[in-house]
Amino acid sequence: MINSRATQLDAEIISNKRVGSYNHMVFAVNELAGACRPGNFVAIAVGGQSSSMILRRAFAIYRATMRADGVGLLELVVAPQGSGSKWLSSQSIGQKVNVIAPLGTAFGIPTEPVSALLVGGGYGSAPLFALAETLKSRGCRVDMVLGASTAGKIYAPLEGKRSVNSLTITTDDGSAGTTGRVSEVLPALIDQHQTDVIYSCGPMAMLEAITAISQQAGIVHQCSVEESMACGIGVCMTCVLPVKGDDGVIRMTRTCIDGPVMDGNRVLWTRSREIPDGVWGK
Amino acid sequence: MINSRATQLDAEIISNKRVGSYNHMVFAVNELAGACRPGNFVAIAVGGQSSSMILRRAFAIYRATMRADGVGLLELVVAPQGSGSKWLSSQSIGQKVNVIAPLGTAFGIPTEPVSALLVGGGYGSAPLFALAETLKSRGCRVDMVLGASTAGKIYAPLEGKRSVNSLTITTDDGSAGTTGRVSEVLPALIDQHQTDVIYSCGPMAMLEAITAISQQAGIVHQCSVEESMACGIGVCMTCVLPVKGDDGVIRMTRTCIDGPVMDGNRVLWTRSREIPDGVWGK
Amino acid sequence: MNFDFGTSIAGTFFPNPIFTASGCAGSGKELVHFFPLNELGAIVTKSIMIKPRSGRSTPRMAETPSGMLNSIGLQGPGIELFLENDIPWLRDQGARIIVSIAGETVEDYAVLARKLRNISGLSALEVNISCPNVENRGQVFACNPETARDAIAAVRRNIGGELPIIAKLSPDVTDISAIAESVVDAGADGLALINTLLGMVIDTNTMSPKLSQRTGGLSGPAIRPIAVRAIYQVRAAIPSIPIVGMGGVTNGRDAFELVLAGANAISIGTATFGNPMAAISIKEELEELCISRGFSSFKEVIGYAHRVDSTLTREN
Amino acid sequence: MNFDFGTSIAGTFFPNPIFTASGCAGSGKELVHFFPLNELGAIVTKSIMIKPRSGRSTPRMAETPSGMLNSIGLQGPGIELFLENDIPWLRDQGARIIVSIAGETVEDYAVLARKLRNISGLSALEVNISCPNVENRGQVFACNPETARDAIAAVRRNIGGELPIIAKLSPDVTDISAIAESVVDAGADGLALINTLLGMVIDTNTMSPKLSQRTGGLSGPAIRPIAVRAIYQVRAAIPSIPIVGMGGVTNGRDAFELVLAGANAISIGTATFGNPMAAISIKEELEELCISRGFSSFKEVIGYAHRVDSTLTREN
Ligand SMILES: Cc1cc2nc3c(=O)[nH]c(=O)nc-3n(C[C@H](O)[C@H](O)[C@H](O)COP(=O)(O)OP(=O)(O)OC[C@H]3O[C@@H](n4cnc5c(N)ncnc54)[C@H](O)[C@@H]3O)c2cc1C
Ligand SMILES: Cc1cc2nc3c(=O)[nH]c(=O)nc-3n(C[C@H](O)[C@H](O)[C@H](O)COP(=O)(O)OP(=O)(O)OC[C@H]3O[C@@H](n4cnc5c(N)ncnc54)[C@H](O)[C@@H]3O)c2cc1C
Ligand SMILES: Cc1cc2nc3c(=O)[nH]c(=O)nc-3n(C[C@H](O)[C@H](O)[C@H](O)COP(=O)(O)O)c2cc1C
Ligand SMILES: Cc1cc2nc3c(=O)[nH]c(=O)nc-3n(C[C@H](O)[C@H](O)[C@H](O)COP(=O)(O)O)c2cc1C
Ligand code: FES
Ligand code: FES
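Chains A, B, C and D are the protein sequences, given in the same order.
Mapping of the first sequence onto our numbering: residues 1 to 282, in sequence order.
Mapping of the second sequence onto our numbering: residues 283 to 564, in sequence order.
Mapping of the third sequence onto our numbering: residues 565 to 880, in sequence order.
Mapping of the fourth sequence onto our numbering: residues 881 to 1196, in sequence order.
One chain only, chain A, in its complex shape (with noise of 0.2 Å):
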């Protein structure tokens, strides 16, 4: 089912800062803002009138507030890649831009304090720093691990370290922290740390290699997959995966709406143009 508190309004900009490779942006919303939940995104319509995209394009948003004065707020980090993430990061302030949000699942919260291990790639980390207060707030221990391809591809403000007990960063290209993949540094992070769930964000292929590591280990991995979106709602089947549900089928299921955050360890992970055999109805 759809995000019961999905709503669709024109959003204005009140702040577009770049910071490293990203655009970090504000828009002012409604009451919205209080119905968002870590994990979940937001569709956004982009090239304005006349343009010839005609999808929107989905962001995981980073926070979203409350001010005193009744205005919400919702942060996004873009990364200026291909034509629709380009033209909304070269929005000026002032401009409306239409979103439809909260859309998709949210991180599921433990209800006792647990250690947590929060993993994210590339502007994947955008969604875990909301993830992370609410898990402190809850009396959680909270680590991260930010990976990328170089320095400047880490989106880690200073506000946001704050929330977190330790912050590892790793580049491919050694520009910031260890050298290497998030994956490697993976396995001795749970074990010093004792974690009990692991929250990731990021690419495809990240995503795969922690499920192996959380399913040796043993332990819960909650992660927000990225997949080609062409409604965000649930209506044209574009975006989903092979996905095992409660009663043991697996079905390729809508990542907009059973999704973003989904179980990693019921995900059946392939980079075959193929669907994998046992997926119902194949």
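Hints in this document: simulated from the structure, not taken from any laboratory.
Just so it is clear, the structure is predicted and the values come from calculations on it, not from any experiment.
Where is the CB? At the ideal position from N, CA and C, for every residue including glycine.
Do not take every clue at face value.
[As the list claims (entries may be wrong)] Computed list of lysine-lysine pairs in DSSO-like fashion (alpha-carbon distance at most 30 Å, straight line):
#1 A:Lys86 with B:Lys443
#2 A:Lys282 with C:Lys863
#3 D:Lys909 with D:Lys931
#4 B:Lys299 with B:Lys443
#5 D:Lys995 with B:Lys564
#6 B:Lys526 with B:Lys564
#7 B:Lys378 with A:Lys17
#8 D:Lys909 with B:Lys526
#9 C:Lys679 with C:Lys593
#10 A:Lys282 with C:Lys593
#11 B:Lys443 with B:Lys368
#12 B:Lys378 with B:Lys418
#13 A:Lys244 with C:Lys593
#14 A:Lys136 with A:Lys86
#15 C:Lys679 with A:Lys282
#16 A:Lys136 with A:Lys161
#17 C:Lys615 with A:Lys244
#18 A:Lys96 with A:Lys86
#19 B:Lys378 with B:Lys368
#20 B:Lys564 with D:Lys931
#21 B:Lys378 with A:Lys86
#22 B:Lys378 with A:Lys96
#23 C:Lys593 with C:Lys615
#24 B:Lys299 with B:Lys418
#25 A:Lys96 with B:Lys368
#26 B:Lys299 with A:Lys96
#27 C:Lys679 with C:Lys615
#28 A:Lys17 with A:Lys96
#29 D:Lys931 with B:Lys526
#30 A:Lys161 with A:Lys86
#31 D:Lys909 with B:Lys564
#32 B:Lys299 with B:Lys378
#33 D:Lys909 with D:Lys995
#34 B:Lys299 with B:Lys368
#35 D:Lys931 with D:Lys995
[What the hints assert, rightly or not] Where chain C lies over chain D, by a calculated footprint (3+ residues, C-beta under 8 Å):
#36 945 to 954
#37 995 to 1005
#38 1052 to 1063
#39 1124 to 1136
Following the hints, complete the assembly by docking chains B, C and D with the ligands onto the known chain A.
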């Protein structure tokens, strides 16, 4: 042949003011301003990057001047009608647009002082004011008739009015000047001012009506026509009209390079969807 | 204004002519979050097959200039679960229901028609014949007058009763009027025009086709001129056949254009992905536009661009 | 970098693979104002017929989402004046010339071929068979394997010598590979893919078709996914045939996409209308892109998306 001075460049918008139903827009260009003649037009790319509008829009040059500091100024009168003109007229000062200018033919300037009658319909008045100035400077008498459906669609700025000996206004709804169409007031004005040459710009039906009157009166009629143009530079063949050449042969003639200013008496005005008989190659 | 917005397809009445397009609204369970489903003329459900289908692997979509490619591969739960879960739910919403079916063999279409013949509360059956025919080298049924006819005839023979059959055609053919005539001959009561066009996008980073199955169906505003042409041609060839028009309709103006070309109703597909409320705004804009042009009923607008005077003289 | 940007079409060498598209550059007399014509691989001239043609009445064009319709109706001076005025001028420019011809009967194609057989300085002949065949109910030659074959065979029989024949195909067919095989059989040395798709726009103010002839050809970025698919399909069906690809190419990335699909050269059509320098920038961007992807010659890129590994596993 294409206007030999045609140049392509990015031009910054330095003024954009609403005047009645139109936007008077000023663009900073280079020396090409000095190359523009009354009657020439420009072709502007609209919609920005990743626009679904792939074709340029043509606009008559309202004025083109060189400032003392070497900056050229290009002035246009834009009617926000469809998506392209609405986009252009909603651009802010400081934005840049890609312009090709000058394009097309110019109004022929008589070598002797004559009595000239300038007739404009709607934004068709745009190229007539610069023409009036030139004619005045050559010692011509210049009378002007402007018509439109309603008062807000008459474009006649104060400084423009200064360069004409008389100005007659007609509106279909009588909200300004004489009620009716320009063609209804023309015969009397031609008589009164002993008109030697008519210059006109406006909807095709108006140009056709003026042609009938000028033929009746046996006087020269230079009109600026407006056909849908895909390229504006003579390569696509979309903008043609049947026009009699010097050799007496009627050819489907490109109005973007052999126009927009044409000898009205040589155009075979037709509202039929058939090629008129007698056209070469029919 | 007392504008009559109703339309009918082969005797079935719809209070307004705006439908969803098959595959672009699921079974309505998500859209109902944005508007009541009975505000639309009808909900056309995603094409359903006999058995559950996983569909294709991802990537299943690619954006293109003013359009998109999709290759979902008809993912769905199969007719049994569909009848058990989706139909009763849609009926509860008060929606008018058009069920879209798809098969891989002529017999599939027959079986699906039999499963549906006794289901109450359906307004029409849309027969998606843009599916590979496994018995004929995988050639799409809709691409050949004979196979198109066979599929529709199988439905006709098995459906019984009054349920109108709407045959959905592919534009990927040399002569769409010939296909239209063939399926009308075989018993189609109406036509749905157009399905997607076969296209491909190559990812210039991976230097391979972007979609996992290489090709996909092109939809969205990019194909609207093709849809208008197809509707106009078929309306001219078979003046009396009801047509559900679709292809790139994004606003009221676009819908009006397809109706002028000859559509009796309009399905909204890809536009919903850009704006979940698209169908509702299109409905409102279309009604306003018809009224502002001086029409007193929607039916007068259908095929209005075919009137003789207009195409002979040029308006200025 | 020592990148080899040359390409060849049936034995004729071109220093770079960027051509103009027929009908989108006239005979080069206007574009030369913007760049020297010999900077392009070749100038493909507007399709020429035997006699002078007025073409159709206006409006001849309508903009569409990411595309446009045109119905010029092959306006032109006829082959005699063309050979007298345009060819010598183009030769003087040092341009490599591909002459496009069009006919209304099979005999027209034969006549045109004979007129051109002894003209020196031509690089190839492009045969536009997307023309109504007056001897066959006005059906377009390119829409039927037999009539397509007849037109090409007539050129083959009459052209003599070494001049490569490039058959230009229409995408408005059920099976473009079948048409491709048919014309290659009849003696085509290469293929040009794709011509425009038949479309229509209805003006919602006049409520009539916008173009004077109602329908027109759809070109521009909107049709690029169709072009990529057609090129990919035909390249797979006839691996060795040279293909001049076109359809919505606006920048180097787009050109690269069509080359990956299988094009040996790229024609630039509608993009020139939006930007007179389009072909030149595309040429530069394409070369840079090929180099940045690690290719050392353009020929390696042609059809690269067909390599086996890439289409079986998914890259991330
Ligand atoms: C749940 C979710 C959360 C996301 N969160 C963020 C975020 O916080 N910050 C951020 O910068 N980006 C995020 N993305 C990616 C973002 O939605 C865009 O896909 C990305 O910005 C590229 O779009 P583009 O318009 O720049 O590229 P284009 O090349 O113009 O995109 C063309 C199409 O492909 C799709 N596409 C391209 N790349 C991707 C990708 N990597 N993943 C999914 N679809 C893709 C686009 O959505 C679009 O439909 C997220 C995506 C998803 C699905
Ligand atoms: C020589 C010439 C001079 C012009 N001068 C002016 C001027 O000074 N001020 C001004 O406001 N407009 C002028 N126009 C009209 C202008 O070029 C646009 O056509 C008009 O603004 C409508 O474009 P649009 O994008 O708003 O409408 P859209 O509906 O988006 O246009 C779609 C397409 O149709 C064409 N089109 C639509 N209406 C017309 C029209 N009336 N004439 C020609 N083509 C049309 C457009 O150029 C475009 O290619 C001139 C046109 C020509 C040919
Ligand atoms: C994601 C997607 C899925 C589709 N699935 C179906 C389908 O299951 N059955 C069908 O008949 N058409 C299907 N279509 C085609 C649409 O119903 C419609 O004919 C086409 O997209 C053109 O309309 P549009 O441009 O408004 O989307 C699908 C289209 C899209 C984009
Ligand atoms: C205005 C116009 C005129 C054309 N005239 C011809 C022609 O004379 N002969 C021909 O073979 N193709 C003609 N074409 C088709 C183009 O050569 C090309 O195949 C098609 O436009 C697709 O490429 P594009 O999207 O780059 O324009 C014409 C296209 C346009 C837009
Ligand atoms: S993006 Fe459309 S169903 Fe998920
Ligand atoms: S607009 Fe292209 S030839 Fe005139």
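Hint by hint, here is what the structure shows:
no.: 1; hint: A:Lys86 with B:Lys443; verdict: violated, 47 Å
no.: 2; hint: A:Lys282 with C:Lys863; verdict: violated, 45 Å
no.: 3; hint: D:Lys909 with D:Lys931; verdict: holds, 21 Å
no.: 4; hint: B:Lys299 with B:Lys443; verdict: holds, 19 Å
no.: 5; hint: D:Lys995 with B:Lys564; verdict: holds, 22 Å
no.: 6; hint: B:Lys526 with B:Lys564; verdict: holds, 14 Å
no.: 7; hint: B:Lys378 with A:Lys17; verdict: holds, 22 Å
no.: 8; hint: D:Lys909 with B:Lys526; verdict: holds, 22 Å
no.: 9; hint: C:Lys679 with C:Lys593; verdict: holds, 22 Å
no.: 10; hint: A:Lys282 with C:Lys593; verdict: holds, 24 Å
no.: 11; hint: B:Lys443 with B:Lys368; verdict: holds, 27 Å
no.: 12; hint: B:Lys378 with B:Lys418; verdict: violated, 34 Å
no.: 13; hint: A:Lys244 with C:Lys593; verdict: holds, 22 Å
no.: 14; hint: A:Lys136 with A:Lys86; verdict: violated, 34 Å
no.: 15; hint: C:Lys679 with A:Lys282; verdict: holds, 22 Å
no.: 16; hint: A:Lys136 with A:Lys161; verdict: holds, 12 Å
no.: 17; hint: C:Lys615 with A:Lys244; verdict: holds, 19 Å
no.: 18; hint: A:Lys96 with A:Lys86; verdict: holds, 16 Å
no.: 19; hint: B:Lys378 with B:Lys368; verdict: holds, 16 Å
no.: 20; hint: B:Lys564 with D:Lys931; verdict: holds, 10 Å
no.: 21; hint: B:Lys378 with A:Lys86; verdict: holds, 18 Å
no.: 22; hint: B:Lys378 with A:Lys96; verdict: holds, 21 Å
no.: 23; hint: C:Lys593 with C:Lys615; verdict: holds, 21 Å
no.: 24; hint: B:Lys299 with B:Lys418; verdict: holds, 27 Å
no.: 25; hint: A:Lys96 with B:Lys368; verdict: holds, 18 Å
no.: 26; hint: B:Lys299 with A:Lys96; verdict: holds, 23 Å
no.: 27; hint: C:Lys679 with C:Lys615; verdict: holds, 12 Å
no.: 28; hint: A:Lys17 with A:Lys96; verdict: holds, 16 Å
no.: 29; hint: D:Lys931 with B:Lys526; verdict: holds, 19 Å
no.: 30; hint: A:Lys161 with A:Lys86; verdict: holds, 27 Å
no.: 31; hint: D:Lys909 with B:Lys564; verdict: holds, 24 Å
no.: 32; hint: B:Lys299 with B:Lys378; verdict: holds, 16 Å
no.: 33; hint: D:Lys909 with D:Lys995; verdict: holds, 22 Å
no.: 34; hint: B:Lys299 with B:Lys368; verdict: holds, 13 Å
no.: 35; hint: D:Lys931 with D:Lys995; verdict: holds, 12 Å
no.: 36; hint: 945 to 954; verdict: holds (count 4)
no.: 37; hint: 995 to 1005; verdict: violated (count 0)
no.: 38; hint: 1052 to 1063; verdict: holds (count 4)
no.: 39; hint: 1124 to 1136; verdict: holds (count 3)
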